[in-house]
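Q: If you want the building blocks of each chain, they are given just below.
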Amino acid sequence: MISYSLVDFRPIIPELVLLFFTFFILFIDFAIPKAKKKINGFIALIGVAVTLVVVLSLYGSSWTGFNNMIIFDKASGFVNIILLLTAFVAILMSLDFIKREGINFGEYYVILLFSLIAMQVFCSTYNLIVMFLAVETLSISMYILTAIKRDGLRSIEAAMKYFILGSFASSFLVLGIALIYGLFGTVDLLRVKELLTGADSLHTWIALVSFVLILIGFGFKIAAFPFHAWTPDVYEGAITPMSAFMSIAPKAASFMALMRLLVVGMFPIQVEWVKLLWIIAVFTMFFGNLVALWQKDLKRLLGYSSIAHAGYMLVGITAANSLGYGAVLFYLFGYIFMNLGAFSVAEYISKKNVEGCLIDDLRGMGYKYPLAGAAMLVFMFSLSGVPPTVGFIGKYYLFSAAVKSHLYWLVILGVINSAISAYFYLNVIVTMYMKGGAKEEVVSFPSPYLRAAIVIGAVGTIIFGVAPGSVLNVALSSIVF
Amino acid sequence: MENYVPFLMVAFILFAIGAIGVLVRRNFFVVLMSLEIMINSAGLVFVILSYFSGTVSGQVFFIFVAAVAASETAVGLAIAVLMYRVRHTVDVTEFSMMKR
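Chains as they are written, first to last, in the numbering used here: chain A, 1 to 481; chain B, 482 to 581.
Among the clues, some could well be false.
What the hints assert, rightly or not - Heads up, incomplete: computed chain A residues facing chain B, CB under 7 angstroms, no partners named: (1) Ile129; (2) Glu136; (3) Leu153; (4) Arg154; (5) Ile156; (6) Met160; (7) Phe163; (8) Ile164; (9) Ser167; (10) Phe168; (11) Ser171; (12) Leu175; (13) Gly185; (14) Asp233; (15) Glu236.
Claimed, not checked - So the derived list for chain B, only partly shown, Cβ under 7 angstroms to chain A, looks like this: (16) Leu530; (17) Gly539; (18) Met564; (19) Met579.
If you are wondering where the hints come from, they were derived from the structure by calculation, not from laboratory data. Glycine is no exception: its CB is placed at the ideal position from the N, C-alpha and C atoms.
Build the full structure now, drawing on both the sequences and the hints.
A: The structure is reproduced here in structure tokens:
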């Protein structure tokens, strides 16, 4: 007989706090007149900030609850911080933007926060069924948020593609979980690890097949190579704050869940999955960087660049040592600032009712809007991994973890990729400063919150690049497996 | 006891039918039905393995899977409505504005 008590609720305190604010918005939304819907955004902002404070104060405690179905450890605490920071900046980006686009419904923030709660659950469990429910909740929220611009041709096309491919991938995920369940009679990864250790070769092979099926579902979420097809379309078609949000938050949660799956559940077949991940990481990096060379749309470019960055982070997991896992967490943390910043600049020069944002529109921006131009300079340098930025530190630790595991070829290919990526990131900078005067029709989007988002991005990119010590130590020490 | 293989075969064949349907069909509604076949055949694997292994948890998991499949379909239908509103068709190939 399984019994629950109040103690079981400790690991889900952050989720409960955020859930309270989510339902609060849901209930008061209909009492707020159409012109004042921004209040919802501020409540969401406060909710995320309060949850961030709660997570920071709970950081370091280690709890399990509900018959080991949900846990709260240092790693999930750190990923929670990443998720909440991302959501905070994404809401800042949304506040004025969704009013301009005529989609300022209260549901926007509610669905965003629901997806955020799903991600929090996703990164803090060893139970495959809980993982499945969380990943589906977050996917369904993401489909809705992609299509939230209901009359935009591109956003509907993006939502359709995202929906079909996402459901396709999650069916494989369910099948994989079902096979794991049939094989071991449990969906708890800690149990699976014990049973897999003493398993015969047939069991090991079927476990490997089901692991590959689960990897299809997770690989789709992190946009790894064979399952990346949705990324550029969705990033281009979705509204800019949402593209920014979904380029980091679902990835952070999925990387954490992937690490739990690989490092804990699939520990006995580590030799096999390292080989598999090696191939996936190399292809992901090369695909993202090579195709990005020909892109003309800034958001699409950032989509391909995010595929490449998923490849870099897979290098950290392929290294299969605790330095690599910690480096992945730190890279995700740094990625918040550089990528959200780049998307904020894309939003800064976006036109009303136009989903895309051409790189050509950036022409002369360095002189017309010097501060935003300088911020974009910082983001692009950071994304390509130039030293005094957080992108360099992150990449350095990812690759040094791979060196520590003697994966020299992987590191060489990774560095080659970094060099390739410099071309298209620097192309953006060249366009900003050296391609002549600004276009007349390109005007900035006057939103103080958006400016705050750009400033947060630029300051974070530089501060954590110059002085990464404390966060890096926290990231490296939060890996307990 | 060992004859669960034919049952699993049924589930896998259903899964393959669904997967092929998603890949080759052009009508969004048929794609939606194919997705439903896929996810429910995976749920069928849960039920089969639960029955033959003598534990009930697999059948409980199927209820989760079915609930998720239902909510997914609801969102899919909403997207179909949006598609019809902007283009007056639900042909998937008609929606190809964004190319690489």
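Q: So, as I understand it, the hint says Phe163 of chain A touches chain B; can you test that by seeing if any CB pair is closer than 7 angstroms?
A: 6 angstroms, holds
Q: Are Arg154 of chain A and chain B close enough, Cβ to Cβ, to be under 7 angstroms, as the hint says?
A: 6 angstroms, holds
Q: Does the interface hint hold: is Phe168 of chain A within less than 7 angstroms of chain B, judged Cβ to Cβ?
A: 5 angstroms, holds
Q: Given Met564 of chain B was flagged as interface, is its beta-carbon under 7 angstroms from a beta-carbon of chain A?
A: 6 angstroms, holds
Q: Does Leu530 of chain B pass the interface check with chain A, least Cβ-Cβ distance below 7 angstroms?
A: Holds, about 3 angstroms.
Q: Is the hint on Leu153 of chain A kept, meaning its closest Cβ partner in chain B is under 7 angstroms away?
A: Since chain B brings a Cβ to about 6 angstroms from Leu153 of chain A, closer than 7 angstroms, the hint holds.
Q: With chain B as the partner, please determine if Met160 of chain A meets the hint condition of a C-beta pair closer than 7 angstroms.
A: 6 angstroms, holds
Q: Should the hint that Gly185 of chain A touches chain B count as held when the rule is a Cβ pair under 7 angstroms?
A: Since the shortest Cβ distance to chain B is 6 angstroms, the answer is holds.
Q: Double-check Met579 of chain B for me: the hint is only fine if its C-beta lies closer than 7 angstroms to a C-beta in chain A.
A: Since chain A brings a Cβ to about 5 angstroms from Met579 of chain B, closer than 7 angstroms, the hint holds.
Q: Grab the minimum C-beta distance from Leu175 of chain A to chain B and call the hint holds if it beats 7 angstroms, violated otherwise.
A: 4 angstroms, holds
Q: Hint check: is the beta carbon of Ser167 of chain A less than 7 angstroms from a beta carbon of chain B?
A: With Cβ-Cβ at 5 angstroms, under 7 angstroms, it holds.
Q: Does the nearest C-beta of chain B fall within a distance shorter than 7 angstroms of the C-beta of Ile129 of chain A?
A: Holds, about 6 angstroms.
This entry satisfies every hint, going by the numbered hints stated previously.
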